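Chains as they are written, first to last, in the working numbering: chain A, 4 to 367; chain B, 759 to 901; chain C, -3 to 497.
Among the clues, some could well be false.
Sample of chain C residues lacking proximity to chain A, with all beta carbon distances greater than 12 Å (derived) [to be verified]: (1) Lys37; (2) Pro57; (3) Arg71; (4) Thr80; (5) Gly89; (6) Lys102; (7) Gly252; (8) Ile272; (9) Ala275; (10) Pro341; (11) Leu354; (12) Asp365; (13) Asp395; (14) Lys485.
Not the full set, but computed from the structure, chain C residues with beta-carbon under 10 Å of chain A [to be verified]: (15) Ser116; (16) Thr119; (17) Lys139; (18) Leu151; (19) Cys153; (20) Asp360; (21) Arg369; (22) Ala391; (23) Asn465; (24) Arg474; (25) Met476.
Listed next, with one range per pair, are the computed distances between beta-carbon atoms [said to hold, decoys possible]: (26) C:Asp365 / A:Ile90: 51 to 61 Å; (27) C:Gly141 / A:Met125: 14 to 24 Å; (28) C:Ala115 / A:Thr105: 31 to 41 Å; (29) C:Val64 / B:Gly785: 28 to 38 Å.
If you are wondering where the hints come from, they were derived from the structure by calculation, not from laboratory data.
This structure is a prediction, so every number in the text was calculated from the model and none was measured.
In this text, a Cβ means the ideal position worked out from N, Cα and C, and glycines have one as well.
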Amino acid sequence: MKREGEVRIPSGCAIAAVISKDGNRMSGQKIYECMKPMHDRSNGLGGGFAGYGIYPEYKDLYAFHMFFDDRDTRKNCELFLKERFEIVKSEIIPTRKIPSITNEPDIWRYFVTPLKSMMEKMQVDEKEFVARSVMKINTYMKGAYVFSSGKNMGAFKAVGFPEDVGVFYRLEEYEGYSWTAHGRYPTNTPGWWGGAHPFTLLDYSIVHNGEISSYDANRRFIEMFGYKCNLQTDTEVITYIMDYLIRVKGLTLKEAAGVIAAPFWSTIESKEDPAERERLTYLRTMFPSLLVTGPFSIVLGFDGGLMALNDRLKLRSMVVGEKDDKVYIASEEAAIRSMEPDAENIWAPTGGEPVIIKVKEGAY
Amino acid sequence: MKRVYVNEEWCLGCHLCEYNCAFANSGLKDMAEALKGKNIYPRIHVEGDEKISYGVSCRHCEDPMCVKSCIAGAISKVDGVVTIDRSKCVGCLTCVLVCPYGALAPSEEGTMQKCELCLKNSCGEPACVTGCPNNAIVYEERG
Amino acid sequence: MSIRFIYPEFEVVRNENRCIACRVCERQCANEVHSYNEDKKVMISDETKCVNCQRCVSLCPTRALKIVKSDCTLRENANWQNDTIKEIYKQAGSGGVLLSSMGNPKPLPVYWDKILINASQVTNPPIDPLREPMETRVFLGKKNGKIERDENGNLKCDLPPQLELSMPVMFSAMSYGSISYNAHASLARAATELGILYNTGEGGLHEDFYVYGPNTIVQVASGRFGVHEDYLSAGAAIEIKMGQGAKPGIGGHLPGAKIVGDVSKTRMIPEGSDAISPAPHHDIYSIEDLRQLVFSLKEATEYKKPVIVKVAAVHNIAAIASGIARSGADIIAIDGFRGGTGAAPTRIRDNVGIPIELALASVDQRLRDEGIRNNVSLVVGGSIRSASDVIKAIALGADACYVATAALLALGCHLCRTCQSGKCNWGIATQRPDLVKRLNPDLGSERLVNLMTAWRHEIMELMGGMGINSIEALKGNRLMLRGVGLNEKELEILGISHAGE
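This is chain A alone, in the form it adopts within the complex:
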């Protein structure tokens, strides 16, 4: 049977997220507990989380979370890392042995800073350098896989139900100003941890529920720009698209949403503001191959915020609720109620309308 990455595996899912606009840090326990009422949206073949603001003591360093098949692969990969980065700290990510999570690979994390000399040699900026290094490991180093590479954030994922994955990674020991969560229902047996979500690059992470019909159009386009879709998952390609549009092209979150969930032409033509019409037409015409069709609900995590977005037809459920400084997002209201029983203003955002929540400047 082919491993994930060699074959495309469609899957259904559950997603959830929480963020504090005041930058108040929350324990990871809350986020994995909230996945319990959505148990049936996963099938035990993948769960994962991303937390932001979890490494304040290393906030200026890139935190690489990595899977290794064995010791040799790790040693080999560490040599590669040492050529390109100063490794400030390396350690095994602490986990808890539980019966429901088995067959784990070696799971390590490295806090690193890029070597200036290498960046100068390659004539690229720091983020591009890190992104290329991650692509290199994930594409060419068999048995080694970087599943998180941002600053002051980290992804945690495994094969299992999400609530068990949270316990496994001891998420109650981390505190972050925002968390995203994912439970997976693949239609196949992936049997590989890298295939679980969230998917990340630099500080972008994506949890996604859906199966996009535009996948290969998006993949073949984005791969022109140095990205390599090793896992053949929607989440991976959407992450790269967001990185490309926001980091590389400098689009705002709203503009990027206008590309991937571009309004229908009829909607664009009905906009009364001519500038808005022109802007949307421009984005749709300039980046047609990055339009994402088919059902999806995603939560994009980034440094200092979250963005939730549905496909244009809203073919996947997604609700948002609020309470005090917190905003909650989930596939089902039950998950929001689990995190905050008194959540208010619960609404289902319209298809294609991004919900962007940012932490107050200076609070993270």
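Given chain A, put chains B and C in place with the hints provided.
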């Protein structure tokens, strides 16, 4: 009122309209049975030469000369359609003489006949129009 | 007769029980196959002149006629087939190059027919185009990806020149001269009504058709017939024709007999003179020369019009396309070896060039590998026969398709493949006024509009089945395709998996 109009620009001179007309007014179901081995007496005639051609049939004039001149009172205008009552026609050919378009001609039996827009046969609308391969004959309302 | 005699290819079968001797067949046959025997009062036929265009069959009011393949045959021989032997006889008699028309009829693989399309089941929903928006609009032109902002941080919305199409299909180049005034009128009117484009081909643009300029692609080919400043400015885009799928590597020849009246005026050459387009553009012997012509045309039209470079699909097409993508061209049009023609040497039509499916797949992949796919849009032609061919082409990576043969069929063409005779009984490939008038553009444009409307509906149904509601999400989406009965190499080139994988 809808009338048959001919656009000579698109008339190919194929004469299909004549055969379709003759068939439509034959009352038979099969064209071969109706027309094979017979002389045909259509109510539309293709005029012209190799360069230009056009079908000619009754214009259903506002003030028809044929109606005024019929010695037997066989021709009348009913709901805008110039109609012949062939039981009254004596075959004097006066109408042929006065019609400026040459739209009337004797039938096989000798009484006069002319285009009556296929209103009296089973065709429903003029057979020359439906059978024209190039839309050169149309049946429409014009101002 | 004797040694020069070749038994006619077709037989005219007349059902004497049905024939009413109306002589429509006689009047409609420009080849003079049918005649009337006054004495016997019967129609007779001379099969030697029949090209099987089916005009008489279509117009016979009693369905008394059919044309069948003659069963008079040479002794069967798998190596020396009938057609091969007859061609030898013809050449032994004439000493000349054999001419043919329309696309390559040989039984070479049609890859479209070995590719199957996906549909959604369970894991994501199909979309019903009758209930939900389904978008087929495309823009052709460079998508340079440049993001610039003004002093207030607002996006500057300047795009390189784009062609907007309501659906990813255009009518490809057929010159006025090779086809009739009425055929052009039908194409121009239909393109305008449909919100797509038609293409003048290398014959200039008749003054009557300047009004359709926003839906016209004006072509500049090696003979430069009919090219002048107003012509270049009249269209929505300019196409440089480097080659044609039916006859890669050679030019064109419109015989003097067809250079009459308005054709001569529109081409800007004397009546009766042969219009010979050289094999190469004599100012383009290399890719850097092409770049100069691209920019000359852009200068002449103030950089307002996209420039298309049309090439035939030949062996090295990926590298050629890569060169064109860097030449400043906005759109590359590739014409496959099954593309039609008004006349081409038979040997070239049937043996030169490669299938469009393979050319498209390799060009699209090559441009992506080089990271320049966005520099250009890709338009493919050379036998796009249906909405499903369009869908497959888009999924392989095309931005839009060119159709010509399908459009001619809609206008009445019955693919008799004798355009070169100039006696087209359907009023398409002829300049004889009595034949030209057989194509009434009112009917012709309506039939073209019907055809494209039908295709658009089918495209939307197929897209909806895949769960795709905008055509741009289908472009290059090769996961939506699977091959059947293709070998590893073919699958590799097409970049698709085999059915069942």
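Worksheet item: Quick one, is the Leu151 (chain C) hint okay against chain A at 10 Å, beta carbons?
Response: Cβ of Leu151 (chain C) sits 6 Å from chain A, so the hint holds.
Discussion item. Checking hints one by one. Is Arg369 (chain C) an interface residue toward chain A, by the C-beta closer than 10 Å rule?
Written reply: holds, 6 Å
Worksheet item: If you take the shortest Cβ to Cβ gap from Asn465 (chain C) to chain A, is it below 10 Å?
Response: Interface hint status for Asn465 (chain C): holds (6 Å vs cutoff 10 Å).
Discussion item. Looking only at beta-carbon atoms, does the pair Gly141 (chain C), Met125 (chain A) fall within the given range of 14 to 24 Å?
Written reply: With Cβ atoms ~22 Å apart, the hint holds.
Worksheet item: Since Asp395 (chain C) was said not to touch the interface, does its Cβ keep a gap of more than 12 Å from each Cβ of chain A?
Response: violated, 9 Å
Fill in: Hint validity - Met476 (chain C) Cβ closer than 10 Å to any chain A Cβ
holds, 7 Å
Discussion item. The output says Asp365 (chain C) does not contact chain A. Does that hold with a beta carbon cutoff of 12 Å?
Written reply: At about 8 Å from chain A, Asp365 (chain C) fails to clear the 12 Å cut-off, so the statement is violated.
Worksheet item: Regarding the assertion that Pro57 (chain C) does not contact chain A, is the least Cβ-Cβ distance greater than 12 Å?
Response: holds, 48 Å
Fill in: Beta-carbon spacing of Ala115 (chain C) to Thr105 (chain A) - inside the hinted bounds 31 to 41 Å or not
holds, 37 Å
Worksheet entry | When the least beta-carbon distance from Asp360 (chain C) to chain A is tested against 10 Å, hint result | With a minimum Cβ separation of about 8 Å from chain A (threshold 10 Å), the hint on Asp360 (chain C) holds.
Practice prompt. Compute the least Cβ-Cβ separation between Lys485 (chain C) and chain A, then decide whether it is above 12 Å.
Written response: Correct as stated: the minimum Cβ-Cβ distance to chain A is 20 Å, above 12 Å.
Worksheet item: Per the stated criterion, does the least C-beta distance between Arg71 (chain C) and chain A lie above 12 Å, as a non-interface residue requires?
Response: holds, 52 Å
In summary, the structure is inconsistent with hints 12, 13, 26 from the numbered list given earlier, while agreeing with the others.
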